[in-house]
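Participant: Chains A and B, in that order, give the protein sequences.
For the first sequence, my numbering begins at 39 and goes up steadily by one.
For the second sequence, my numbering begins at 39 and goes up steadily by one.
Incorrect hints may have been included.
Copies of the same chain look alike in the list, so a pair counts if it fits in one copy or across any two.
To be verified - Calculated pairs, DSSO-like style, for lysine-lysine (alpha carbon to alpha carbon, straight line, at most 27 Å):
#	residue 1	residue 2
1	K140	K619
2	K470	K326
3	K546	K50
4	K546	K367
5	K546	K470
6	K228	K140
7	K519	K228
8	K546	K533
9	K140	K326
10	K50	K533
11	K140	K470
The hints are simulated quantities; they were obtained by calculation from the structure and are not laboratory data.
Protein chains: 2
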Amino acid sequence: MTFDPVASGSTKKLRVAAAQINTTVGDIDGNALLIEEWISLALGQGADLVAFPELTITGYPPEDLVLYDNFITANRAALGRIAASVGEIVAVVGFVDSRNGKLYNAAAVLHRGKIVTTYRKIHLPNYGVFDERRYFSTGDACPVLTIRGIKVGVNICEDIWEPLGPSEVQRAAGADIIVNLNASPYESGKQGHRVDIVTDLSRRNRVFTLYTNQVGGQDELVFDGGSMLAGPDGELIGTAARFEEALLVADIDIVRLEKLRDRHQAYAVPQDELDSIGQPSEYALDVKVREHLPQLSGLSIHRLDRLEAVYRALMLGTRDYVRKTGFEKVAIAVSGGIDSALVTAIASDAIGPENVVGISLPSRYSSEGSLLDARELCSRLGVELWRIPIEPGHAAFEEMLSEVFEGTEPGVAEENTQSRIRGNLMMSVANKFGWLVLTTGNKSEMATGYATLYGDMAGAYAVIKDVPKTVVYELSEHRNKRGPNSPIPQAIINKPPSAELRPGQLDKDSLPPYDQLDRVIHMYIEERMAPDLIIQHEQALPEGGASEAVIRRIIRLVDINEYKRRQSPPGVKITGLAFGKDRRLPIATGWQR
Amino acid sequence: MTFDPVASGSTKKLRVAAAQINTTVGDIDGNALLIEEWISLALGQGADLVAFPELTITGYPPEDLVLYDNFITANRAALGRIAASVGEIVAVVGFVDSRNGKLYNAAAVLHRGKIVTTYRKIHLPNYGVFDERRYFSTGDACPVLTIRGIKVGVNICEDIWEPLGPSEVQRAAGADIIVNLNASPYESGKQGHRVDIVTDLSRRNRVFTLYTNQVGGQDELVFDGGSMLAGPDGELIGTAARFEEALLVADIDIVRLEKLRDRHQAYAVPQDELDSIGQPSEYALDVKVREHLPQLSGLSIHRLDRLEAVYRALMLGTRDYVRKTGFEKVAIAVSGGIDSALVTAIASDAIGPENVVGISLPSRYSSEGSLLDARELCSRLGVELWRIPIEPGHAAFEEMLSEVFEGTEPGVAEENTQSRIRGNLMMSVANKFGWLVLTTGNKSEMATGYATLYGDMAGAYAVIKDVPKTVVYELSEHRNKRGPNSPIPQAIINKPPSAELRPGQLDKDSLPPYDQLDRVIHMYIEERMAPDLIIQHEQALPEGGASEAVIRRIIRLVDINEYKRRQSPPGVKITGLAFGKDRRLPIATGWQR
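Next comes chain A alone, as it looks inside the complex (with noise of 0.2 Å):
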């Protein structure tokens, strides 16, 4: 798996680049100035080509912005600035394209100051959390530059996910390297799915596949980055870093493909089936071998584990979701429980302690113990923690409902008020100082309904909210081990669930054990099995699994809560499948599972 760098001071070599960066939708001139930036970064190590991210002047996704037209002219006026700026290097920048009324997904070559072509993407993602084709038009043709003799075709993203592509018409059209432009989303597991994409198709086509992708948080979307350069034997080269901005640099040695290929052809693809892709579009760049090289370091692959993925895929979303919203200071209810535990150190970690204040709200059924460890964990994060008892709420909304609650029972209003007092009281400090509310509830309470909306649903991003239950407990415990310090008190972790909303409450009383619930979620939701597969599968389990009430009423759960998702604020994406424009529901429905 290790590439030798070699100079690529001759003409069968080339010097590429990946620019992994950090847009923010919409800031248009500020991407812009990043990627002249990080231009001049590519030129600094000698690159002869630098590729940017998928729509990199708009950000991803631009949603509706795209269908305004100020926005679609000041991205063309912004690429128009980039290119005049652009000298001996080739750069490959990604913007909204708009021919005879139709908007493209495009990706510009700019070179001397020049757009010498511009590819627009062919195959357009719409399922999921994409819309493309609420927006893009199809492109049709399969532009491939010769620099120096090399051949490199530009495509985008989706394009290389279908068995058949406009890479496949660039390999026919000669293409030694694909360079391919991404915004693609973070989702546990997704890294290595990637890999095996690019490499496949590298080996498929025998080529060289430079693919580049943005990095950064946007909404509940999370891009990680790693970047690549795969080889034609289908060999993973080198990878970018995960979850910050990178600047992946290598030299492509030709003769190397040219030998490979006397060994083994590239399946050929019917003419028939490549012309319904599009049609190849050749350029020539007059690129210079450059003088004096700089000595590249070696490439490497970056690995994290399952855990550590997704912990940092949680800080880069909250920090982005923070700072791009112009924010600098969040508050947290800090209850003592493990879900806002470990939000408190996912804040800390990605904006700094100084810049959270944790909250601490007891009520007359707070257990001493909850709020010590409130205090241990801020204390060992180094968060500053108030303290607003909600007492006096509390009796106020007995003594304000007395009248109209009278002879009733007391049960969940009751409990719902408490939490809707707090609610109150985070938004109330958060208005009055400028602050965003993070909110703690984990996915298996979003998923059933176990959580108050405008209560503890109450704020503006809900970091944890694609984390089941049973990985709260598991990044936790990966917080503590990876450091710095093991800030979640481990009473914290041995406690028993609770919302403390009435005496003794526990959430075993209420939900089902969270092994099984979390089970029961994922196939419900991020597989979408039908209930009487998830039966089956829960039987067949060595020890018997979640019985058919507890699936069914589950699976209840999740179907009549729909309203209060829908209302809840947008959390980092981390599954195959996370509530929000990723599934998309009716509220009123007869639907019985």
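Add chain B to chain A, keeping to what the hints say.
Facilitator: What follows is chain B alone, placed relative to chain A:
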């Protein structure tokens, strides 16, 4: 515009029916029963053919429900049951077809116990509130049914909104009648547009067009019916009522059509363009001429004035949201202001005053007039009014926050706190008694963020969230005129709007005049005009319009309040562009208009 009903007791006449029914998304069994019931009604009227709305069996829009295999299976099973029950009549029923792992928005032609053929929608809308390419693949066959020598082409909704579609293929194959199944959501002025589309299609192709639309509320959409029959001269022959279930039955006389065609040829589309749409496929159906046909009453054209149509849309959307989510009663915070007055009138008209509870939540800043106005409103409507003064909560929050707010100036935080105390009280009452809360914010407020998240925005359904404040006034006057009674006291209409969150507070202290505000919001949101164009437009007004500073401030307010709207409850779409799935914008964005 009159059309003489003729007996269809000849081979050149066909009696057709459009069954404009109110399905519930996902209620496959209930929808199937409804379809069978309306097939019987059409049979009773002697119809040879009855057409239902688009995706009749699943309801529209089924959204991600169609991604569940068991949902598709259940929908297909229901179609089989309906088909088995169909006898002499030809029934055209919408359902989701599944072939080789692909889904289609389809219409089945049912006759004598069998599915004769299936049409699969060709033009799939993927803009505005529509996401059909997320789910469906494109069909390519254009069926033409021959019934007693009369040829009938079947297609779906968007298919007739493009200049070239299956209707043209079917016409070229001899179709005399186009049957078009729809789920076309209401927006103000859209019915006129539909009539233009349908009559133009009919004239262009020299065919009759039977247009069936769904009716009923579904989350943020209201389907308004208005099914219609147009003739080959481009004449509108008749329409069904709006906003209610209806069966439109008419006899179509093909002799007349043949004479017309002798004089006027249909526009001929070149064959290669027809081929790009799909191929015609023919099916002969043996439908006997029935004896003793019931006499039909003459057709009429239902027209509603603009405000009455909006009012009915709001009523229907509210009624169906409440009923289809399984609730009986609603609670509304009745402040004595015009927004809550209008919402209370709508709710009372929609589900009956006995199912509406008004709640007055006076604070130390509430005026005596507001309380009296709220009482007068509820008394005129026959709506029960509860009173829960918020002073105990208000004082308690001041106490709880006194330490952390010490030394700060009272401001928006303190105002929002009051609103959130009210939100908590409303939700506590609703949770206790199993009611829904209706919120009362209008579009001008939703646009500018002049509403408190988790405060007055707390609730299940935001009845007037797409109604600009100026239209709130118009609708209130309209409601008083239309009757029954004049429930909204003139004092409520006359007084200057105020949130009453501080002494002497008036909307006009914080917001531009509502006429200016609503014009700018309309241009910026519904017309997607760039700020510079809006400024030009306002400056060109005879009286000068809104100043540049005011316009830029409004646009800024719209932009920075996306986070609030993302957490707002759904409400009835009445304009060309509503907040919700019609308008998808990033929260974290650097775009500066």
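Participant: Work down the list of hints and note, for each, if the structure agrees.
Facilitator: Hint-by-hint comparison with the structure:
no.	hint	result
1	K140 x K619	both (24 Å within a copy, 22 Å between copies)
2	K470 x K326	neither (59 Å within a copy, 76 Å between copies)
3	K546 x K50	neither (66 Å within a copy, 71 Å between copies)
4	K546 x K367	neither (34 Å within a copy, 32 Å between copies)
5	K546 x K470	between (37 Å within a copy, 23 Å between copies)
6	K228 x K140	between (32 Å within a copy, 24 Å between copies)
7	K519 x K228	within (24 Å within a copy, 61 Å between copies)
8	K546 x K533	within (12 Å within a copy, 53 Å between copies)
9	K140 x K326	neither (36 Å within a copy, 50 Å between copies)
10	K50 x K533	neither (64 Å within a copy, 80 Å between copies)
11	K140 x K470	neither (45 Å within a copy, 53 Å between copies)
Hints 2, 3, 4, 9, 10, 11 from the earlier list are contradicted by this structure; the remaining hints agree with it.
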